[in-house]
Amino acid sequence: MSAKLRHDDVDEPAPTLLDRDTGRRLIGGLLALVLLILVGSALWVSQRALTAFDDLLLPEFDRDAELIAERLAGDLDRAARLGIRATALSGIEPFLEGYLAEHPALVYLGIADGEGRLLASVGPMAETLRGLPPTSELPTAGRRSVTLTEGEARRTSVHVGGSGEAYALVHVGMDRSYAERQVADIRWDIIVVLVVSLLVTFELLVFVIDRTMTTPLKLIDQAIARAMQGEWTTGAMRHRAADEVGGLLGAVDDAGRRIHERLDALEAKLGRLETVPADLAGRVGALRRRLRWRVATAADRPVDSRANARFALFLFVFAEELSRSFLPLYAQSIHRPISELGVFGATLEALGLGLLLTPEVVIGLPIIVFMAVIAIATPFGASLVARFGSRAIFLFGAVPAIIGYIGTAAAITVFDMLVWRSLSAVGYAFITIACQGYLADLAKGDGKARARNMAVFVAAVTTAVICGSAIGAVFADRLGFRATFLISAGFVAIATLLAARYLQDPDRAGPGPALVSTARQFRAFADPRFVALVVLAAIPAKIALTGFLFYATPIYLAAMDVSQPGIGRMIMFYGLLMLVGTQLGARLHGDLLGGLVLIASGGLLTGLALQLPGHMAAELGMGLAIALFGFAQGLAAAPMLAVLPDLCPGPSRHHGATGLAALLRLAERIGSVIGPLLAAALVLRLGHPAAIAALGLVSATTAGVFLLLMLVSTSGGKMFGDRSAAGKG
Amino acid sequence: MLPVSYRLSLAVSLVLLLSVAVTAALNFLKFNQVMEGLEDSRYGFVTRDIGATFEQNLNLGLPLDQIDNARAILERQAELDPAITRIEVFDAEGSVLYTTAGRARVRDRAGPISIDSGPAPSERFTSRPIVNDFGQTVGGVAVFWSTDPAEARDAEIRETLMLGVTSATLAGVCIVLLGATRLLRDIRRRLLQTAESLHATLRGVLPRRGRESALAAAAAEALAEIDAVEAEIDRCRRTAEGR
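Protein chains in written order, with my numbering: chain A, 10 to 738; chain B, 0 to 242.
Keep in mind the hints are simulated off the structure, nothing from the lab. Certain hints may be false.
[Unchecked claim] With a straight-line cut-off of 20 Å between C-alpha atoms, the simulated EDC-like cross-links for lysine to aspartate or glutamate are: (1) LYS278(A) - GLU229(B); (2) LYS278(A) - ASP226(B); (3) LYS278(A) - ASP233(B); (4) LYS278(A) - GLU224(B).
[Unchecked claim] Partial chain B-side listing against chain A, Cβ under 8 Å, derived: (5) ALA10; (6) VAL14; (7) LEU15; (8) LEU57; (9) LEU79; (10) VAL95; (11) ASP147; (12) MET161; (13) GLY163; (14) VAL164; (15) ALA221.
Here a beta-carbon is modelled for each residue, glycine too, at the ideal position from N, C-alpha and C.
Take these sequences, add in the hints, and give me the full structure.
Listed below in structure tokens is the structure:
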């Protein structure tokens, strides 16, 4: 048994009962099992659904075909009553062309004489009708209509004329695969639901295993380690569920109590002796000192764990990301011209904002305001977390977040939506910083543990981005934009309940980190290399992110008639490829120069990616652009933080690498605010493809200038002077 | 004692149920979307066709309210589709000029007259304006259709999906339960053995061979020390009593 245990789970020796490898094997095995079951169940349910769809859709299609055929037959019947021979009818093809446009599934229309000889036919698959063999089944006076599948088409033929000789035959062909195309989106949606289910299951499993296994087993290990040192506790987890873990805890409790009772009895016996030999009294005293017993206190509460913050954070970011693929589209749908906004509109006009607030800018405002409020609220959130603790600020932040989502769902115009989005942004800033604070506190000053905990933060956020954007688009497609915001509110409520239950602030090893004054923080901007990194790398990356991905992508794809789930899937590629890029960036990053090259490569690749929509088939170009953009952003993400200590040694010493990284993250939000504004202005002037290309040029140019400056600076060491190197920044 | 594997299985089963239910719900909603699109397209076609027929009459110089065969046109169109509950043609002010509403289609289909007093079918409708040669809107046509057939279809697909969800979940839960029990067997065994050896120690029995644990050893050692001191106290007491 290992007696060397620490409170934190990060660097302690492997627990005896559930070591790290066993834990990983368990999660891996369970995930494989879940994968198997989820894939099987989804395929089973979907196959049943698709078969049922086919069974129900086919008669509906036949009904449409019959309806069209009957209409045509009605017109021909009038000609018959007027005594015009079918073969003498003129202008049939233009007449049929008019009908052809009436139904998207029509592939041909044709009219034949009473003996089945084709008189006229139109449509993309009219050849099929012309090649109809004479033996084909045709309607007769006795059987007025016939419907059957012939190759790719489903033909419905109707007999025109009375019960005697046929006057004419009407043929209507429907595309057999039209129904399949109609439900094809479902297959993609099923894949999306599967991927999301798996990722959610992974997050949930990590949480559940932590709560049901890891944490109680760590408690037992702690109890065992203490027992081996002679310290027995009772009652710490007596109320726990009566499973194997609870059973063992109960046994430890019993042992502690038994030893305590025996010691009490021993002392009583000793007290009853008339004369107590000194050595015996000494032995009992020594035994009492060696076998300590106490009732568990609050200090023996469950071990703090990263999983406590991880799942709640995942759910919260997931809720926010649900609207990623349609926020500008929602704003577009409720946008009303300023002239229709009554007194508010008149006030805007009077303030001279009428010309500035073009529809393109107005629909970008929800993103701009959201990002701006996050930038402003984050430092306040950090101060509040330091003062009141992570749990309190998480719960506090959930209130405006939920109100914000409900308000956004009920928004009347873009302008009242801004108020609601601002509230959600306050919640977002507070909750993310609360989770960051919790994970940082958990590391208890250990730099490596802190880095690993931040990796947990990034992993939870990235997973949530991938899941949220994709499934949110599907929800929006089926239930509408407003309902999706209500779903977001629901998820935030669940995350809040979890945080209230499990997010207990860890004991700090010492006093909390001293708050750095804003003025002192901003002194870092005196370092030219830090300024260059912020202005030429971090801010352009965010401009591209919010301008291209958040603002332009949904609007442009919707304008191309890409379905809402399709938009969500494309945005999901961003998250997936970013994950790949992040891993590669972290692997490739070596020395300072390598890091700088990676950062510049990210910018240059972004520039390249954003040229694709203008030079390729629009939808394919956008898909590739989003994927490459995600990869580029990921490639530069890790090096951008990793180069800080070497690139800006002075500010790093003053603020610490983490403090400087936080400052970088705060400053780059300027780019998040500028992005949609710049994109809107560019779209207004240049249209979507050119505007996206222009955003790419901004990224590529700044990346090029950044690399040049850094190469000159790091090789010559003179361009920025030696201030940073000397630590005077 | 509720095994840990059951609790884990419960959590995984909940996710499974949620996932399968979401898959089914999305399938159902997509089906609804496709069917509504089909109906809109179908009755949009009917409405345009009727509108075009009336516009042809207007082109011959007839005012909208004086088309002799108007009622017959509407009746013929309505006959083609039993789901159509009524068709109305109205003038520019919205007053109904012609309608098929008197056709009592519910009664026709349902049989006994008493059914007439039952609830009317829920309806959806589509409409389009009727425009004369000069581009003026002189009225419009609206086609109403019953949503009863759609509801019947929905019920059918719901039943299919519910069966699918139930069977998939039941099968999944069984597999999860078996799998989780197997995966957790080792840990469970270790936990039970540790508890058992500790209990055995407390009962003063030696744990079975191969089932000893460090915890039980620590407890045994503590109790042995207490026993030793207690024996010493007893010896002192007996010595004192002997004197």
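Verification of the supplied hints:
1. Distance check on the hinted pair: LYS278(A) and GLU229(B) sit about 8 Å apart at the alpha-carbon level, within 20 Å; holds.
2. Between the alpha carbons of LYS278(A) and ASP226(B) the distance comes to roughly 12 Å, so the proposed pair stays at or under 20 Å and holds.
3. A C-alpha spacing of about 8 Å is found between LYS278(A) and ASP233(B), which places the hinted pair at or below 20 Å, so the restraint holds.
4. Note on LYS278(A) and GLU224(B): the hinted pairing holds, with a Cα-Cα distance of about 15 Å set against a maximum of 20 Å.
5. Among the interface hints, the one on ALA10(B) holds; its C-beta lies about 4 Å from the nearest C-beta in chain A, closer than the 8 Å criterion.
6. The interface hint given for VAL14(B) is met, as the beta carbon of that residue sits about 5 Å from the closest beta carbon of chain A, less than 8 Å.
7. Taking 8 Å as the C-beta contact cut-off toward chain A, the hint placing LEU15(B) at the interface holds, the least distance being around 6 Å.
8. Because the smallest distance between the Cβ of LEU57(B) and any Cβ of chain A comes to about 18 Å, over 8 Å, the interface hint for this residue is violated.
9. The beta carbon of LEU79(B) is positioned within 8 Å of a beta carbon in chain A (closest approach about 5 Å), and the interface hint is therefore held.
10. Given hint, VAL95(B) at the interface with chain A, is violated; its Cβ is 24 Å from that chain's nearest Cβ, farther than 8 Å.
11. Among the interface hints, the one on ASP147(B) is violated; its C-beta lies about 15 Å from the nearest C-beta in chain A, farther than the 8 Å criterion.
12. Against a cut-off of 8 Å between C-beta atoms, the interface hint on MET161(B) is violated, since the closest Cβ of chain A lies about 10 Å away.
13. A distance limit of 8 Å between C-beta atoms decides the matter here; for GLY163(B) the minimum to chain A is near 4 Å, and the interface restraint holds.
14. For VAL164(B), the interface hint holds, since its Cβ comes within 8 Å of a Cβ in chain A; the closest pair sits about 6 Å apart.
15. Interface restraint check: ALA221(B) against chain A, minimum CB-CB distance 5 Å, threshold 8 Å, status holds.
Checked against the numbered hints above, the structure violates hints 8, 10, 11 and 12; every other hint is satisfied.
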